[in-house]
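Chain residues, written in single-letter form:
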Amino acid sequence: MVTNEIKLNVKRYLPETGEMKESQYVVKANKYTTVLDALINVKEAQDSTLSIRYSCRMGICGSCGMVINGRPMLACQTHLLSLSKEEISVGPMEGHPILKDLVVDMTEFFDKHRSVMPWLYVDNEEKFNPESQYIQQRSELDYYLPFSYCIKCGLCVDACPVSNTNPRFLGPQALSQAYRYNSDSRDHGERTRLEKVDAFDGVWGCEYAGACSEVCPKGVDPALAIQLLKLDVMKFSFTGKVNDRKSVKV
Amino acid sequence: MGNWVHSNASLVVAVKASRVMVLEYIAMMGVPFLLLVSVILVPFHGIQYVKYVVMALIGIGAIMYGAIGVKDIYMKGENKSGN
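Residue numbers (our numbering), protein chains in the order written: chain A, 1 to 250; chain B, 1 to 83.
So that you can see chain B by itself, here it is in the shape it has in the complex:
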């Protein structure tokens, strides 16, 4: 990315952004979907293990989405101070 304008952010050069963004999109769409699944599973009592797996996935997704959100805020804050 040598001829890339304004490429002084090391993160931009080091990480292929699509690899991070795919996680963001999966979390963005997956967490609400899994929340819906968990609500549907409430009346079923014999599948506690499945419920735990869904809950765990929701937790992982929420943490992942939050972490990417923090990265976004950090990058935008950095950009704002550079103005």
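Isolated chain A, as found in the complex:
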């Protein structure tokens, strides 16, 4: 199998001194080698001080988000040779606080995610004394399915120009998940969520740059979800009604 030598320029942050520096490593890559494979190889064979975060290695866990050649991507889903360059730059997601090297602090990201109640909210008797199954039709599933593929990798927030300039902005991930749960026919938390996101730093902070949808590795379209959420917020604010047609037309 053909192997190439690729130079990997890794942007590193050293918390002890607070400085950013760049280290260059040379790795061998074939057509199957991902950026994550290369970084693991560097850590195992060349520089054990390099800090990276990863888990599943197959684009499911969302742990290995980083900026590769200036674009937020999952390292495990990016093949080195597909980048068509002999030198590849890798850096941490700078839209999140950096802990060390390529590892970022996701605390605030998950706080914002949690604030939109990303679960099926049921506040009636059904919660404690369920009498029937939550049967969902295919058309009802299809209504929110595209937005349910989010793996919480944080790439959308890293790419979002508003999140990068306004730390109070809820961000595309949390807002798209607010829409995802509002669109679920089993959920009864729409009013609470719509009241929460109806803020300048909530849904109205989005300026529709669309970068979130460009970088999403799972094909979720957070920009679309936010615009649909804006319509729902507007409807709720002026009529007090929530979207009760939670199914696609068949």
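Simulated from the structure, these hints should not be mistaken for laboratory data. Careful: at least some of the hints might be erroneous.
What the hints assert, rightly or not - Derived lysine-lysine pairs resembling DSBU-like cross-links, with alpha carbons at most 30 Å apart:
1. A:K249 <-> A:K235
2. A:K152 <-> B:K16
3. A:K246 <-> B:K16
4. A:K7 <-> A:K85
5. A:K127 <-> A:K7
6. A:K241 <-> B:K71
7. A:K28 <-> A:K85
8. B:K51 <-> A:K246
In this text, all values refer to a predicted model and were calculated from it rather than measured experimentally.
With the hints as your guide, set chain B onto chain A.
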């Protein structure tokens, strides 16, 4: 909004943002539309009163859009200094 993350901006708590944003959207779409209407009305000489009303609406819309824009700039400037 007690459990709202980063809700220290008093404006966020005091004003329901959608009430302001609807004005912004109306102004954003209404002013260009009324400008087009005013251009169409130019050759008609007997409807000066209608022209004045359209001009007034354009003025109000432009001022409203500008005021909301200033609010936006103020909020973003505040956020930037908080970084």
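Each hint tested on the structure:
The suggested pairing of A:K249 with A:K235 holds, with an alpha-carbon distance near 21 Å, which does not exceed 30 Å. Proximity of A:K152 to B:K16 is assessed by CA-CA distance (about 28 Å); at most 30 Å being required, the pair is judged to hold. The straight-line distance between the Cα atoms of A:K246 and B:K16 is roughly 25 Å, inside the 30 Å bound, and the hint therefore holds. Restraint check: the Cα-Cα separation between A:K7 and A:K85 comes to about 9 Å, which is no more than 30 Å; the hinted pair holds.
For the suggested pair A:K127 and A:K7, the alpha carbons sit about 56 Å apart, so the restraint of at most 30 Å is broken. Note on A:K241 and B:K71: the hinted pairing holds, with a Cα-Cα distance of about 29 Å set against a maximum of 30 Å. For the given pair, A:K28 sits about 13 Å from A:K85 by alpha-carbon distance, which is consistent with the 30 Å threshold. With a C-alpha separation of about 45 Å, the suggested pair B:K51 and A:K246 falls outside the 30 Å cut-off, and the hint is violated.
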